[in-house]
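K.L.:
This is what each chain is made of:
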Amino acid sequence: MAEHEPISMKQFIQILVCLFISFQYYGKQLQVGLNKEFTSIKKAIEVADNNDTVYVYSGHYKEGNIVIKKSIKLIGKGLPILDGEKKGEVLSIKANYVLVSGFKIQKSGFASLNDPCGVKVYDSHHVIIERNIFDDNFFGIYLQYSKHCVVKNNKLTAYAVEEQQIGNGIHCWKSDSLQIIGNKVKGHRDGIYFEFVTNSVIWRNIATDNIRYGLHFMFSHSDSYISNIFRNNGAGVAVMFTKGVKMFHNTFEENWGDAAYGLMLKEISDSHIIGNTFKRNTTGIYMEGTNRILVERNKFESNGWGMKVQASCMDNIITNNNLIGNTFDISTNGSLVLNTFNSNYWDKYEGYDLNKDNVGDVPFHPLSIFSIIVEKNPPAMLLFRSFMVTLLDKSEKMMPSLTPENFIDNTPLMRSLDL
Amino acid sequence: MNRIIKFIILDILKNKIVLIYTLILAVLSWSVFSLEDNSTKGILTLLNVILLTVPLVSVIFSTIYLYNSSEFIELLLSQPVNRVKIWRSLFFGLVISLILSFSIGVGIPLMMYAPSNVGFMMLAVGICITTVFVAIAFFSSIITRDKAKGIGIAIMLWLFFALLFDGIVLFLLFQLADYPIEKMMVGITALNPIDLARILILLHLDVSAMMGYTGAIFKEFFGTSLGIIVAFLVLLLWTVTPYLISLVKFKNKDL
Amino acid sequence: MIEITNLHKHFGKLEVLKGINLSFNKGECIALIGPNGCGKTTLIKSILGMVIPSQGTIKVKGELISKNYQYRQHIGYMPQIGRYPDNMTIGQIIEMIKDIRKENQNLDEELLHHYLLQGMFDKRMRTLSGGTTQKVSATLAFLFNPDILILDEPTAGLDPLASEILKEKIITEKQKGKLILITSHLLSELDDLITHIVFMQDGHLKFHQSVSELKTRTGEERISKAIASVLRGGSHE
Numbered sequence: 001m002a003e004h005e006p007i008s009m010k011q012f013i014q015i016l017v018c019l020f021i022s023f024q025y026y027g028k029q030l031q032v033g034l035n036k037e038f039t040s041i042k043k044a045i046e047v048a049d050n051n052d053t054v055y056v057y058s059g060h061y062k063e064g065n066i067v068i069k070k071s072i073k074l075i076g077k078g079l080p081i082l083d084g085e086k087k088g089e090v091l092s093i094k095a096n097y098v099l100v101s102g103f104k105i106q107k108s109g110f111a112s113l114n115d116p117c118g119v120k121v122y123d124s125h126h127v128i129i130e131r132n133i134f135d136d137n138f139f140g141i142y143l144q145y146s147k148h149c150v151v152k153n154n155k156l157t158a159y160a161v162e163e164q165q166i167g168n169g170i171h172c173w174k175s176d177s178l179q180i181i182g183n184k185v186k187g188h189r190d191g192i193y194f195e196f197v198t199n200s201v202i203w204r205n206i207a208t209d210n211i212r213y214g215l216h217f218m219f220s221h222s223d224s225y226i227s228n229i230f231r232n233n234g235a236g237v238a239v240m241f242t243k244g245v246k247m248f249h250n251t252f253e254e255n256w257g258d259a260a261y262g263l264m265l266k267e268i269s270d271s272h273i274i275g276n277t278f279k280r281n282t283t284g285i286y287m288e289g290t291n292r293i294l295v296e297r298n299k300f301e302s303n304g305w306g307m308k309v310q311a312s313c314m315d316n317i318i319t320n321n322n323l324i325g326n327t328f329d330i331s332t333n334g335s336l337v338l339n340t341f342n343s344n345y346w347d348k349y350e351g352y353d354l355n356k357d358n359v360g361d362v363p364f365h366p367l368s369i370f371s372i373i374v375e376k377n378p379p380a381m382l383l384f385r386s387f388m389v390t391l392l393d394k395s396e397k398m399m400p401s402l403t404p405e406n407f408i409d410n411t412p413l414m415r416s417l418d419l
Numbered sequence: 001m002n003r004i005i006k007f008i009i010l011d012i013l014k015n016k017i018v019l020i021y022t023l024i025l026a027v028l029s030w031s032v033f034s035l036e037d038n039s040t041k042g043i044l045t046l047l048n049v050i051l052l053t054v055p056l057v058s059v060i061f062s063t064i065y066l067y068n069s070s071e072f073i074e075l076l077l078s079q080p081v082n083r084v085k086i087w088r089s090l091f092f093g094l095v096i097s098l099i100l101s102f103s104i105g106v107g108i109p110l111m112m113y114a115p116s117n118v119g120f121m122m123l124a125v126g127i128c129i130t131t132v133f134v135a136i137a138f139f140s141s142i143i144t145r146d147k148a149k150g151i152g153i154a155i156m157l158w159l160f161f162a163l164l165f166d167g168i169v170l171f172l173l174f175q176l177a178d179y180p181i182e183k184m185m186v187g188i189t190a191l192n193p194i195d196l197a198r199i200l201i202l203l204h205l206d207v208s209a210m211m212g213y214t215g216a217i218f219k220e221f222f223g224t225s226l227g228i229i230v231a232f233l234v235l236l237l238w239t240v241t242p243y244l245i246s247l248v249k250f251k252n253k254d255l
Numbered sequence: 001m002i003e004i005t006n007l008h009k010h011f012g013k014l015e016v017l018k019g020i021n022l023s024f025n026k027g028e029c030i031a032l033i034g035p036n037g038c039g040k041t042t043l044i045k046s047i048l049g050m051v052i053p054s055q056g057t058i059k060v061k062g063e064l065i066s067k068n069y070q071y072r073q074h075i076g077y078m079p080q081i082g083r084y085p086d087n088m089t090i091g092q093i094i095e096m097i098k099d100i101r102k103e104n105q106n107l108d109e110e111l112l113h114h115y116l117l118q119g120m121f122d123k124r125m126r127t128l129s130g131g132t133t134q135k136v137s138a139t140l141a142f143l144f145n146p147d148i149l150i151l152d153e154p155t156a157g158l159d160p161l162a163s164e165i166l167k168e169k170i171i172t173e174k175q176k177g178k179l180i181l182i183t184s185h186l187l188s189e190l191d192d193l194i195t196h197i198v199f200m201q202d203g204h205l206k207f208h209q210s211v212s213e214l215k216t217r218t219g220e221e222r223i224s225k226a227i228a229s230v231l232r233g234g235s236h237e
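Residue numbers (my numbering), protein chains in the order written: chain A, 1 to 419; chain B, 1 to 255; chain C, 1 to 237.
It is possible that part of the hints are untrue.
[As the list claims (entries may be wrong)] A few chain A residues facing chain B, derived, Cβ under 10 Å:
| no. | residue |
| --- | --- |
| 1 | Val201 |
| 2 | Trp203 |
| 3 | Ile206 |
| 4 | Thr282 |
| 5 | Thr283 |
| 6 | Gly304 |
| 7 | Lys348 |
| 8 | Gly351 |
| 9 | Ile372 |
| 10 | Val374 |
| 11 | Pro378 |
| 12 | Ala380 |
| 13 | Met381 |
| 14 | Leu382 |
| 15 | Phe384 |
| 16 | Val389 |
[Said to hold, decoys possible] Here are the simulated EDC-like pairs of lysine to aspartate or glutamate, each with C-alpha atoms no more than 20 Å apart in a straight line:
| no. | chain 1 | residue 1 | chain 2 | residue 2 |
| --- | --- | --- | --- | --- |
| 17 | B | Lys253 | C | Glu15 |
| 18 | A | Lys104 | A | Asp123 |
| 19 | A | Lys87 | A | Asp136 |
| 20 | A | Lys376 | B | Asp178 |
| 21 | B | Lys6 | C | Glu95 |
| 22 | C | Lys102 | B | Glu74 |
| 23 | C | Lys167 | C | Glu109 |
| 24 | C | Lys176 | C | Asp159 |
| 25 | B | Lys41 | A | Glu350 |
Think of the hints as simulated: they come from the structure by calculation, not from any bench.
We treat Cβ as the ideally placed atom computed from N, Cα and C, and that holds for glycine.
One chain only, chain A, in its complex shape (with noise of 0.2 Å):
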């Protein structure tokens, strides 16, 4: 048991003197509700100046479009709901240091072309967003050209049945240095969008059951996005045209579809892809023109493609991944092989292991004939497992004829890595 030490009258005053300023720098409290000092946000808001607190107690605020132009705190107590009425943008930010905290936001308007949100923030930096409810809005939270803002454990649900009807959950555009941590999104378009928006961190969100992609992002490099989960969206996750992606420990789950995946690359360069899980996919991953990646210690399960490697790509390394019960652990649509496939567990491998260190010694040819014939001719999956299909396979691997021969793992592994 650690002794109780009596706090010393120096470290007391200091205490106060803490207190004091920290008082001083919040400014003051502004309190909205009924029975309370006001009753309109909109009043509190105006009366407020930098600094302060405006405290919204438990109500249903049906304010119309709520602008926030100063930097203050606005802070939910008892979830207040702030209802848009489906007309327009809810709540609007157009200033620096704001915190947004505590609300259930909720029905903003659903006209597609100016983009109405839950909240949209504006041309600003060290902006909060955090421990909000929002439900049923066109877009949830929108940043534009903004810096060093927070968007944390929101948690945003819509209704969309169809793309056209619906926007995204997170939406960013142009901005830098953000972090979007802990929030749940469903049922949008795009569960996160990022688009331009350079050396920010996406982590620990999880994305589900969102009409178009769980996390679409494009041209923003220099990012990372980390222990995310991504569940069941219409076609998982998109990555494109950028640079310097790290991409590492998410999930990616049960994106099923015809052009559905659990990650899909596109133009990408120079990233790494780490320690993430696919697992009942479509397509564990598909990469188009991707160049120079690390992909390694991933898990693909059950997926039904394991990767698919378009002829595009190059100089990527695929090492020390598990690949099991995958229908297709990889497939391919050309035969230039420029990747390399070295020590990765593949459960389809039969070879054998004298020396026992691990490594098989006979190299393994991943590709089956029966994927590549499937590339060209989807309906004849209709065939798979059958008899001739599995001589075919099985002749294929004995002495390839049709697959690339350099498509091939030197120092397969005889057990699966613990990952």
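Let chain A serve as the given structure and place chains B and C on it in line with the hints.
P.N.:
Showing chains B and C alone in chain A's frame:
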């Protein structure tokens, strides 16, 4: 269950070939499941057993058994027994004993190691395939009196359904690659009970790939419970049709 | 008891029966004779329903036999060469037939005892000699006390003793007023049994007469000679 079925089942169960069949199935099933660390691979091996071995043994054993039963049939025919009843008893006798073999050999290990949707589907499909190929044996044994010819026909039918048919379909696929043939493909699979069985299992085994690729038509048809019911009904049709043809022929057969 | 009208049967192009009309009655013992391939066995099998006639009708006890199988409970049939499932024992076969006929009383087990078959109940059919198989066939034919007995070459393959037992049995059954239909080549064996003779040739019925009539007509004492003389006479006409 009538007395004649009882006699036939007892007779078949005493047959060494059926015992060996059960034993081989059992050894195979237990070994694939205990050797492989993931049950999916075991299931894949069993899939091939169900699609090749089970129909082959069912059709050949039943054909030979029917030819060897000609004495039995003659003996029964001089007694006050209906021909339809004799034929029906032979059919159910064979079906029940072969299903019993299959269930003991494959069903028990399957239920122990893979009591999943795939496992249940495989068991159901294996039983259907057994029944279908017993019916096909009835058909092939009634169209000729010559035992060698009859067995030949049975083997040819098996070869056709297990191998040649898929070859032809693959060929057609390449020939017609430029046309929208997905709907037609689903129809064509109904023409082969083995293909139908394979796809029913595949839908559970490779669900990610199957749902992805052939797209809408697949989801619409095989993906729904209606589709599965239809598929099983087609398998039933594959049983009833050859059996009924053989029954009509047997009713008018001279012994 | 048996009524055959205009019976035709062809196997493919081969015509085996060409319009047979026959009628057999209670208490008769009929010998069905003729050269090999004359259609005797086909006729018998038609009566048993094993061969489906191309044309014509057969009535047993006044009922048409087509699309009917119950009538066979009145018939005991002993085939020329009894063929039985190899794996079954004598006991099982007898039990099974009893089961199928659903008769356990009023059984005539005389032959069973005389042929000492009970001692061999556990023997499988494939291990039996031709003679023993015939004994089983004979036993089965008489077992259920049928009104009609159809015996296809009954004494062929039986040793003289067994043959004699069978003949005795046939005589007793005839005296009970049953209809007995026998095909045989060895006429001399049948001399003291039969009351009528049916002679067939090339699918045609040559004649159907009572033995006494035949003898008076030809003036011969022995049946075989009587038949021979009829045939000679027929060819001269």
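K.L.:
All hints, please: hold or fail.
P.N.:
Status of the hints after comparison with the structure:
Given the 10 Å rule on beta carbons, the hint for Val201 of chain A is violated: about 30 Å separates it from the nearest Cβ of chain B. Violation of the interface hint for Trp203 of chain A is found here, the shortest Cβ-Cβ separation to chain B being roughly 28 Å, above the 10 Å cut-off. Interface restraint check for Ile206 of chain A: the shortest CB-CB distance to chain B comes to about 21 Å, outside 10 Å, so the restraint is violated. Here the hint on Thr282 of chain A is kept, as its CB sits about 3 Å from the closest CB of chain B, short of 10 Å.
Taken as an interface hint, Thr283 of chain A checks out: its beta carbon lies about 7 Å from the nearest beta carbon of chain B, inside 10 Å. For Gly304 of chain A, the interface hint holds, since its Cβ comes within 10 Å of a Cβ in chain B; the closest pair sits about 3 Å apart. Annotation: interface hint on Lys348 of chain A holds; nearest CB of chain B at approximately 9 Å, less than 10 Å. For Gly351 of chain A, the shortest C-beta to C-beta distance to chain B is roughly 15 Å, which exceeds 10 Å, and the interface hint is violated.
Taking 10 Å as the C-beta contact cut-off toward chain B, the hint placing Ile372 of chain A at the interface is violated, the least distance being around 13 Å. Interface hint at Val374 of chain A: satisfied, since its Cβ lies 7 Å from the closest Cβ of chain B, which is below the 10 Å cut-off. Given the 10 Å rule on beta carbons, the hint for Pro378 of chain A holds: about 5 Å separates it from the nearest Cβ of chain B. Residue-level restraint check for Ala380 of chain A holds (minimum Cβ-Cβ distance to chain B is 5 Å; threshold 10 Å).
Among the interface hints, the one on Met381 of chain A holds; its C-beta lies about 5 Å from the nearest C-beta in chain B, closer than the 10 Å criterion. Proximity of Leu382 of chain A to chain B holds as hinted, the smallest CB-CB distance being about 5 Å (cut-off 10 Å). At its closest, the beta carbon of Phe384 of chain A sits 6 Å from a beta carbon of chain B; the interface hint therefore holds under the 10 Å criterion. A least Cβ separation of about 7 Å between Val389 of chain A and chain B falls short of the 10 Å threshold, and the interface hint therefore holds.
Of the pairs offered as hints, the one joining Lys253 of chain B and Glu15 of chain C holds, with about 16 Å between alpha carbons and a cut-off of 20 Å not exceeded. At most 20 Å may separate the alpha-carbon atoms for a hinted pair to count; Lys104 of chain A and Asp123 of chain A exceed this at roughly 24 Å. Under the criterion of a C-alpha separation no larger than 20 Å, the hint pairing Lys87 of chain A with Asp136 of chain A is consistent with the structure, at around 12 Å. Among the hinted pairs, Lys376 of chain A with Asp178 of chain B is consistent with the structure: their alpha-carbon atoms are about 11 Å apart, no more than 20 Å.
Proximity of Lys6 of chain B to Glu95 of chain C is assessed by CA-CA distance (about 13 Å); at most 20 Å being required, the pair is judged to hold. Taking the CA atoms of Lys102 of chain C and Glu74 of chain B, the gap is near 19 Å; set against the 20 Å cutoff, the hint holds. As the CA atoms of Lys167 of chain C and Glu109 of chain C are separated by approximately 16 Å, the hinted pair is consistent with the 20 Å bound. For the hint linking Lys176 of chain C to Asp159 of chain C, the alpha-carbon distance of about 26 Å lies beyond 20 Å, and the restraint is violated.
Restraint check: the Cα-Cα separation between Lys41 of chain B and Glu350 of chain A comes to about 12 Å, which is no more than 20 Å; the hinted pair holds.
The structure does not agree with the numbered hints 1, 2, 3, 8, 9, 18, 24 stated previously, though it agrees with the rest.
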